Amino acid sequence: MLEVRPDGVRGGDLGQNVPMRLHIGTDHAGFELKNHLVEHLRAQGHDVVDHGAHVYDAQDDYPAFCIAAAEAVIAEPGSLGVVIGGSGNGEQLAANRVTGVRAILAWSLETARLGRQHNDANVVAVGGRMHTVEQATAIVDAFVAEPFSGDARHQRRIDAMTAYEAARG
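First residue of the sequence shown: 1, per UniProt numbering; consecutive thereafter.
No lab work stands behind these hints: they were computed from the structure. Predicted model only: the values in this text are computed from it and were never measured. Ideal placement from N, C-alpha and C gives every residue a C-beta, glycine not left out. A few of these clues could be false.
Derived Cβ-Cβ restraints for the label pairs, each shown as a range [said to hold, decoys possible]:
(1) Leu109 - Asp47: 20 to 28 Å
(2) Asn89 - His154: 22 to 30 Å
(3) Tyr164 - Arg129: 27 to 35 Å
(4) Pro77 - Arg153: 20 to 28 Å
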């Protein structure tokens, strides 16, 4: 079960390997990787919600799956999202269309960790055609395990982006 403290800090932000609710979505380009990650993350004790694609279709489009996963992250504070495509670029863009989402494109363990530490990213995009299954799995694991630092300078920057987003309406 997802753990959220009264101050809003997620279980994963406690610096522990606490099971979390994870929302995952992909198109055909990340279909096999998504299926692997769903099994892998569930084996780690995470509650994974699969937003599709549920069948391989070379003609499907990533926005529907990535937006569904991103919307679920916002609807469920404390959860995280994983969106996968060929490069991860379009998937990151689609997820970031959802108000409140801070999606990063991670291509290394360091970018995954920094996205959480500095940006409190709540969605990670991974390119299924850019990494081996092992590399992509390690990137997602690093993202899920890493807490937000809570440093004032990072929070100030997040607050500035949130204020801009709110002002746009």
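Verification of the supplied hints:
1. Leu109 - Asp47: 20 to 28 Å: 24 Å Cβ-Cβ, so the 20 to 28 Å window holds.
2. Asn89 - His154: 22 to 30 Å: Given a distance of about 24 Å, which is inside 22 to 30 Å, the answer is holds.
3. Tyr164 - Arg129: 27 to 35 Å: With a Cβ separation near 33 Å, Tyr164 and Arg129 satisfy 27 to 35 Å, so the hint holds.
4. Pro77 - Arg153: 20 to 28 Å: This hint holds: roughly 23 Å between Cβ atoms.
When the structure is compared with the earlier hints, no violation turns up for any of them.
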